[in-house]
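Just need the whole structure built from these sequences, with the hints factored in.
Chain order of the listed sequences is D, L, B, Y and E. Going by our numbering, the letters in the first sequence line up with residues 1 to 355, in that order. Going by our numbering, the letters in the second sequence line up with residues 1001 to 1355, in that order. Going by our numbering, the letters in the third sequence line up with residues 2001 to 2355, in that order. Going by our numbering, the letters in the fourth sequence line up with residues 3001 to 3355, in that order. Going by our numbering, the letters in the fifth sequence line up with residues 4001 to 4355, in that order.
What you were told as hints is all true, and nothing was included just to trick you.
With a Cα cut of at most 25 Å, we get these calculated DSS-like pairs of lysine-lysine:
(1) Y/Lys3101 <-> B/Lys2246
(2) E/Lys4246 <-> D/Lys101
(3) E/Lys4316 <-> L/Lys1316
(4) Y/Lys3213 <-> E/Lys4213
(5) D/Lys290 <-> E/Lys4290
(6) E/Lys4213 <-> D/Lys213
Restraint ranges, calculated between C-beta atoms of paired labels, are given here:
(7) E/Asp4131 <-> D/Glu237: 29 to 37 Å
(8) B/Trp2104 <-> L/Glu1204: 47 to 55 Å
(9) E/Asp4131 <-> D/Arg45: 47 to 55 Å
(10) E/Asp4131 <-> D/Gly40: 55 to 63 Å
(11) D/Gly40 <-> E/Asp4146: 52 to 60 Å
(12) Y/Tyr3105 <-> L/Lys1156: 51 to 59 Å
(13) Y/Arg3211 <-> D/Glu236: 45 to 53 Å
(14) L/Asp1106 <-> D/Pro29: 45 to 53 Å
(15) L/Val1341 <-> E/Arg4350: 34 to 42 Å
Simulated from the structure, these hints should not be mistaken for laboratory data. A quick note: this is a predicted structure, and the numbers were derived from the prediction, not measured. Glycine included, every Cβ here is placed at the ideal spot set by N, Cα and C.
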Amino acid sequence: MARIRRKRYHPPGTQPGTLVAHAEAQGTPVRVRAFRYDAGRCEERDVPAAELPSLSTPESGVLWIDVEGLSDPAVVRVIGERFGFHTLALEDVLNVPQRPKVEWYDEHLLVVLREIRHPEPAEQVSFFLGDRVVVSFQERPGDCFDPVRDRLRMGKGRIRSEGADFLLYALCDLVLDAFFPTLERLGDEVEEMEERVLVSPVPESFLAIRRLKRKLLEVRHAVWPARDALNLLLIEEHALIRPGTKVFFRDCYDHTIQLMDMVETFREMASGLVDEYMSAVSNRMNEIMKVLTVMATIFIPLTFIAGVYGMNFDTKASPYNMPELTWAYGYPALMLFMAAVAGGMLYYFRRKRWI
Amino acid sequence: MARIRRKRYHPPGTQPGTLVAHAEAQGTPVRVRAFRYDAGRCEERDVPAAELPSLSTPESGVLWIDVEGLSDPAVVRVIGERFGFHTLALEDVLNVPQRPKVEWYDEHLLVVLREIRHPEPAEQVSFFLGDRVVVSFQERPGDCFDPVRDRLRMGKGRIRSEGADFLLYALCDLVLDAFFPTLERLGDEVEEMEERVLVSPVPESFLAIRRLKRKLLEVRHAVWPARDALNLLLIEEHALIRPGTKVFFRDCYDHTIQLMDMVETFREMASGLVDEYMSAVSNRMNEIMKVLTVMATIFIPLTFIAGVYGMNFDTKASPYNMPELTWAYGYPALMLFMAAVAGGMLYYFRRKRWI
Amino acid sequence: MARIRRKRYHPPGTQPGTLVAHAEAQGTPVRVRAFRYDAGRCEERDVPAAELPSLSTPESGVLWIDVEGLSDPAVVRVIGERFGFHTLALEDVLNVPQRPKVEWYDEHLLVVLREIRHPEPAEQVSFFLGDRVVVSFQERPGDCFDPVRDRLRMGKGRIRSEGADFLLYALCDLVLDAFFPTLERLGDEVEEMEERVLVSPVPESFLAIRRLKRKLLEVRHAVWPARDALNLLLIEEHALIRPGTKVFFRDCYDHTIQLMDMVETFREMASGLVDEYMSAVSNRMNEIMKVLTVMATIFIPLTFIAGVYGMNFDTKASPYNMPELTWAYGYPALMLFMAAVAGGMLYYFRRKRWI
Amino acid sequence: MARIRRKRYHPPGTQPGTLVAHAEAQGTPVRVRAFRYDAGRCEERDVPAAELPSLSTPESGVLWIDVEGLSDPAVVRVIGERFGFHTLALEDVLNVPQRPKVEWYDEHLLVVLREIRHPEPAEQVSFFLGDRVVVSFQERPGDCFDPVRDRLRMGKGRIRSEGADFLLYALCDLVLDAFFPTLERLGDEVEEMEERVLVSPVPESFLAIRRLKRKLLEVRHAVWPARDALNLLLIEEHALIRPGTKVFFRDCYDHTIQLMDMVETFREMASGLVDEYMSAVSNRMNEIMKVLTVMATIFIPLTFIAGVYGMNFDTKASPYNMPELTWAYGYPALMLFMAAVAGGMLYYFRRKRWI
Amino acid sequence: MARIRRKRYHPPGTQPGTLVAHAEAQGTPVRVRAFRYDAGRCEERDVPAAELPSLSTPESGVLWIDVEGLSDPAVVRVIGERFGFHTLALEDVLNVPQRPKVEWYDEHLLVVLREIRHPEPAEQVSFFLGDRVVVSFQERPGDCFDPVRDRLRMGKGRIRSEGADFLLYALCDLVLDAFFPTLERLGDEVEEMEERVLVSPVPESFLAIRRLKRKLLEVRHAVWPARDALNLLLIEEHALIRPGTKVFFRDCYDHTIQLMDMVETFREMASGLVDEYMSAVSNRMNEIMKVLTVMATIFIPLTFIAGVYGMNFDTKASPYNMPELTWAYGYPALMLFMAAVAGGMLYYFRRKRWI
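In structure tokens:
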């Protein structure tokens, strides 16, 4: 069973704002891409490490710095210094996984989300929104941002005419949209499980339910704080987010509520599964027990009767000693009597609906 | 078992505000009707697709555009453009099912409700309230709006003398009223189940309880957010809803609270049903086990005694070897002894109230 | 088992504010009494239907219109028209049972409470507070208002010197006070049940617990919203309720909190009863099973031994074939051996505290 | 089992503000003591009933009227009239037990607390704080106020230099402090129970757990509302409580939070005890069942084999009829075979870790 | 099992603000160290008891008084007097354990945290923040503050250039960071337990789960109020905490949320463990029962048949009396019949998947 990934905290005592790469990030290649666009054009290029210090806020339009891979803390530090991001915020980028959150700093805004796209492992995505600048950090190459990249390149929709806040929205929206197929899949598994549990209530089913519950818990831990964070974004006033863009973030927020609805519904169903498993197990046990009960209850008196006529009382010693044994129809009569006893009991059980 | 209908999200990466018809909506015929009324008259007509672009806000009175069927996104788009509705709001109309909600835009208001009218499947109903305009969208033909249409046509009540906000109220009220018979029916089923579960605690009952709980959950998911949405409508000030109409929306809100009360009462009763089922199953099992126990406990010692006198000790080898076998009244005496043992045990069990 | 009484909603689509009598109200006689009083005098008279339209707000003092029976919607309509009550509020009077609530209208206040006085069925009591006027509506003749009527007639206490708001308080207080003996009785039943469940855990006890829980749920549904309504009354400013009277409503509110405390305590105890019932059932089952276990465990090996010596090996064919059968003390020795086995097991079980 | 003491309400219909002694209070002797002090001196005397009407607010310093015993409503009424306390507040003093609360009246403040000092029964303590006056009412003689009386008499600490609000604080603090040893004791009982339940899971343990849970519930009902009341005292501004004294009330409030923490921890532990009891009962049952199972499973086939060789087939009629019976080593061989069967099964059970 | 450490309250009646050492603190050596630093230098020295009264707020820079050991109340009193700390606050330092909290006094701030560093017992850490002064109190020598001491001595990071509020932050951060390895360890134990419970569901596992749950409860009691306290610190304005430092406290607050997330996840998992234990126990029991059932069900009819042919009916008395006994192939035929019965039942059980 997959371990719940836990925050790999810095060793206690680490100085606040220390930027070190996460152990698991070691070896991931780092790629930095810059998109510089305005309504009329979009210029895209890879930024080698050496050129990072020359990055600067564009005079007009929007600059998106798109970083994949967190193995090199220097990249994070240089970018942070260029745009004046707070060291605590930069630390949160490297020190994954953080709880999804939105944090306001004087000149910029940090948005941390968790991306869960089946079948890949969960990944933290961090966004900085500054003046005309968005910087996004991902743990690994491979993401769900291609639709936005395409829209930027081809000038589809309104994205190139809007500001950096709209780009932030578009990226957050993609991260949240990616939850839907994952949840849909988990929902299918829950429903499948409901059939399976009743048919074959084996201990494996119990483990499978536990695994399912844990996955749902993981999604919940990713979505619930994201909902709170987006709500905060809607309530608080901040110069970097224009009112017109808030309508879009409200839509995002709405998606998180729908996600929570789904998660909670599935969680309730999964909890019900444990009851159903228990009920199915005991139903099965009961069925077995009933067979034993019926068998035993029928044969116990019969065996006793047979035992009685197996006693060795001396029939010659006295006429009171088991005279039935010497009757001409003793045996057939006893057999009929036994059959009657068994039949009577079967009839009684059937009438009681025990069999 | 019916699947819980889940949001058929757009494929992740879809541009925000993209209007595409829902897969399940394909093939539903689209019908657009316009009601133009004021205190003195009501003019009703079907609007063919070609005439949609010429729709416009009336100079006086109220215009209700009543759309059934969502298979043609063009219809939604054209109407949205004519009255200046936000594309995200229009997207919510098509992208069913949305969670019930109220959303304010600068110039209009979106109300999304879910209609659950037994025996039809749940359906999303969306309302736009603009200046002197109400637009309602339904997923399928067939609805609960006829009482309002009749009141409009015949000028019954105050509806024609009131504004668009009152029409919105009247329509919402109908959607919510339709829940009552559905819930009443579910309540009947819960109470019926309570009788049945005690009489025949079969696994089918367990499944039926599960089905019932799921239906109640579905209603809850439809009513709970509607309650929150209506509360929001009452609290927030908006030029489109006059204070005099708020009293009516408060009545609506009151209905949602009553619905929630009923849903929660039935849910509590349904939860109790699982306990009762479990209790009934174990009662039944106990009854069976008790019969076995009593049978076995009575016959086990008797069988042993019979076994003893079935032993083949040589009575001739010594006078100590089972002399009882040769006694004149050995057999009848043993039979009486056995009867006494059985009777004693029966008396003991009866006194202990085990049988 | 008594059905939980559910709101008999109007048929969906009924025009808002339609006043029709509730089906169950048919045939209840209607009686309208008017009390016109001030500090100096109290004039009481029955008002026949024909005189209702001539009712009017008194110039000074307070007018209490006390209506019993809701079978005639005309009475409600006429009174409502005379004092300018909102039609939605009047509808709530007829459309019983409503959830207890307080509703402010511009010129008047509606208070709806539920009266549960054992052994009578629950009844809705609705109060309108206007300027110098209180109108009370009850479903049936027979109520808990006599103490107030007496105090009015005899000028006891401050009630005649106070305004209409104090009369409203006095009536609400009586409705809430009537809960205490009912709850006291339910509390007695819960405690009685606690004894009974342990002594005789029969399925009837289970049903009785369920009935008790349902009654407590009914009281809770009557008290909980009343508490919220009274709290609202305390918080909100309204010209009709003077600050001096608020202290009395606060006392009322305090009573609802005490009632909720009692209800919740009894509910917790009733929930514990189910556990105790289950525990008592399984204790009883265990006791029975233990007897079987001990009986079977003792006799199973003994029966086996007897079976062995019932085998028919030919003792003459060889000296190895069951020579015990021909020993002089074979039988007594075996009997002693069996007694030793049984005694040993009994000792073992006793030491293990199984018997 | 001790009954949960319930509010002995006035008979429904009692006029608000009626002062009658509680039935249980009858016969308790009433003692009124007055402490008149300022920084320099403290004068203490018993006030006979006749002198009560001459009590008055001191010109300087603080007056504490310390009343024990509530059997005489006249005492409460006279004191209330002298200092202008509201009749509803006085009613709360007599009509015990009230839920702990703080109530502001225009000129004074009412604080109701419940005192639970093991092994005495719970008692209501009511305090009135007026201008330079504190009046305390207790149900019975004997209390926890002696430390304050001593500090007043001997001028220890700051109490004599502070105002009436500080005296109120000092008395409340004593009432709350008295909970700690009681809770400590309940905590010890819970921990003791944890050991006992595993060792001897008898039904008496179940009853003891129930008793413990009920006691904890009682403490919770005394502490929880006290916490809310003290919080209210901290939040609201009132001329009678000076800011400097609020720091002390905050300390009191802190104690109620610690008490709640303890209560909730013990309640959680006590709830766990029921699970442990159930688990211990079923463990014990399982142990017994396993012995039966193993015994039966071993002897059932052996008994069958013995039964086979007890059959009476005529060995002379044919050589196929049980020739084993006449073999020279038939019996010993069968005995060995049976021992092998039994040994094999024991080995199998041991390997499966069933025994 | 370790007892939950409970507040060793003062004896009820103790005067508020009385400073006495906790019974458990007796004998712990007291060590007071003073760090006086500013951006340029850091001077560290041990302060003997005699010099405590000469301590004073520095003119510039920051003074940290670092106290280990609470056995001498005089030390606490003298320091409190020197810097004007409230006696109630000082009492909280000595009267351990307090619930973690933040308390504002006019001129200073008290922060109480609980430090849980495996494998040491929990310890209370109290901080006073005054103007340019931080005083920290710990119960025992040995702590997690060395990283800060080193940073102060070596001038690493910004700590020496910041104010007293930053020092407070740095110390709180260390206390909270120390929870992470402890929780990580508990998480490992929970996961280990999950494997173990399924493999060997012995009563010891049940006790181990209980122990685990209790430890998690202890951590929860330490973290939950710390979270609330830090939140309060963020919300309220106070001259002693500069806005720039609040960003750091927000980071601290964030850590407590992460800790709570971990605690709650582990608690949910631990609760699931009880279900799994119960399920594993009953699975194991079921397995045993099934073997008995199958054995018994197969042999019961066979034993009956053998019993029948052990009856002693006189075959010579009549040709109807058990003629099978004298048939040539009677015995082999019966054996085959018995084998067929047993085989048929085995086949039936296998098909039903009972074995």
